[in-house]
Amino acid sequence: MSDLREKYEAVIGLEVHAQLLTKSKMFCACANQYGAEINTNICPVCTGQPGALPTVNQRAVELGIRAAIALDCQIRSESIFARKNYFYPDLPKGYQISQYEKPYCEHGKITVRLKSGEEKTFGITRIHFEEDAGKNVHASHGTVVNLNRAGVPLIEIVSEPDMRNSHEAGQYLRALHSILRYGDICDGNMEQGNFRCDANISVRKRGETKFGTKVELKNINSFRFVEKAIDYEIDRQIDMVEKNEPIRQQTRTWNSAKNITELMREKESAHDYRYFPEPDLSPLVISSAWLEDIKKVMPEMPVQVRERFQKEYGLSDYDAGVLTASKDLALYYQEAVKVSNNSKASANWVANELLGRLNAAGKEIDQSPVKSDQLGDLIIRIDKSEISGKIAKTVFEEMFATGRNPGDIIKEKGLVQISDTGAIEAAIDKVIAANPTQVADYKAGKVKLLAFFVGQVMKETKGQANPGMVNELVKKKLD
Amino acid sequence: MLTKEEVLKIARLARLELTDDEVSFYQNRLGRVLDYMTELKGIETREGTGVRHVPLDSEKFRNDEVVTFPDKEALLQNAPALEEGGFLLPAIMETE
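Protein chains in written order, with our numbering: chain A, 1 to 479; chain B, 1001 to 1096.
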């Protein structure tokens, strides 16, 4: 496939639906609450009773504006709600209130860091408000509809088709997720479906300017699955083009058990949704005074946290960038520093050891088996010379595998660093006795052999001797 | 008059099954609605004169506070059938 990948280029655009962190729904006062008892958060508005009228939740609009500000969008002073018509059991009104021709904001951008270290900026076409649908539970004898989620406020963030591979798409999603979390706009919980991603993918021969037919991948609930699904889809489409088979405009879904994409349905075109302006709602007016008020109380965004980390913790711009890639990671780091009181060492451990292992294990920071206070504890033990840096890596490995506390592991495996002069001297004496030639050479002026002796003593003590003390004591003995 | 295909397409979007008689009935009926809309196009409108929205209580938002609707039973009563508090409907197919 790699040769073919060279011949073709993938074009990827992403649509993200993010639930807003409000107490109540978008157009009615029912609770916006995950996991409530079936059909308890419902009322005439969100069940689509005749004559019920929607009212706009001010907080939802404020959170949407936060997202617009954080993503550098141009905000419309007057936007229009529209009805998107389709029939499905989880949509009791027969239409979803959304925004179409005039969304509340457009033309934004987001900058992400790629694994090459390079930074890349992707365009955001638009963000619009809409309401979530209810949930269908499929049973053998029918479909059971729960309308608790119907009317929960959403923003849909539509990117430009700027991504060219799964890694770029994954990094875009992570950066977007991070901004929404930092801004307290959306809780970002992907398992609960509070942050959902659809990907539009097409392929074309390199150099071609026209887009190929796009396939939409729906509702993928983890970053890694998005990346895998996109890779699979790119290969599938290239394969079809190579065989001269037509690519059909479809909606497909990711089957994470089989690692393939599967057909959901042929796509209805926008035309079939018969959008028209929502007659029950006035235009959404966002005044500049309101905008200024919202800007004043914006939570700290990733760029600002990155700057603060450089000032407060003395980190390099690069390290600060790595550690603020997500709110969870930044919080983890801050907590580790609070315990360890050593910002540089904490940065090294988190950015190198921990992230490296998480990556290899396919885990995100919130799934880390090593908790922040445990890592802080480990760093304290290095700083007080209880264990050496080298031993610490062994301890960390065990912590990552088992989730146990460093103190317990050190105790159980007898890894405490030897800082007892007598014990170290005994080991040195042993090494000196075993290597008379080297001792003679050293005394004759081959001082470089010092490293050899230190190494032998470390070996003798199974790496547990305090290296600084060994160095000092070896010199003392030999000179 | 709408074509038979147009009526069938609209029926499919509305998830309705029509008999042949109904199809020809709607070809005529929906056709008349469209004729009426064409007639409306003849009205002279200038930019700025059209009122798209009835000026409801504009700029009035709802505060983000939860108010529990007291009569959920009434809402559930309209369901064709209920199962453990959910609206029970005929099984829907994901693919068509």
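I should point out that these hints are in silico values taken from the structure, not numbers from a laboratory.
None of these values were measured; they are calculated from a predicted model.
Don't take every hint at face value.
[To be verified] Among the chain A residues that face chain B by a calculated CB cut under 7 Å, a handful are: (1) T22; (2) Y34; (3) A36; (4) I38; (5) I42; (6) R59; (7) F87; (8) H107; (9) V144; (10) V145; (11) N189; (12) Q456.
Using N, Cα and C, we set each Cβ at its ideal position, and we do this for glycine too.
Against the structure, the hints come out as follows:
no.	hint	result
1	T22	5 Å, holds
2	Y34	14 Å, violated
3	A36	11 Å, violated
4	I38	4 Å, holds
5	I42	6 Å, holds
6	R59	3 Å, holds
7	F87	5 Å, holds
8	H107	24 Å, violated
9	V144	4 Å, holds
10	V145	4 Å, holds
11	N189	20 Å, violated
12	Q456	69 Å, violated
In this structure, the earlier hints numbered 2, 3, 8, 11, 12 are contradicted, and the remaining ones agree with it.
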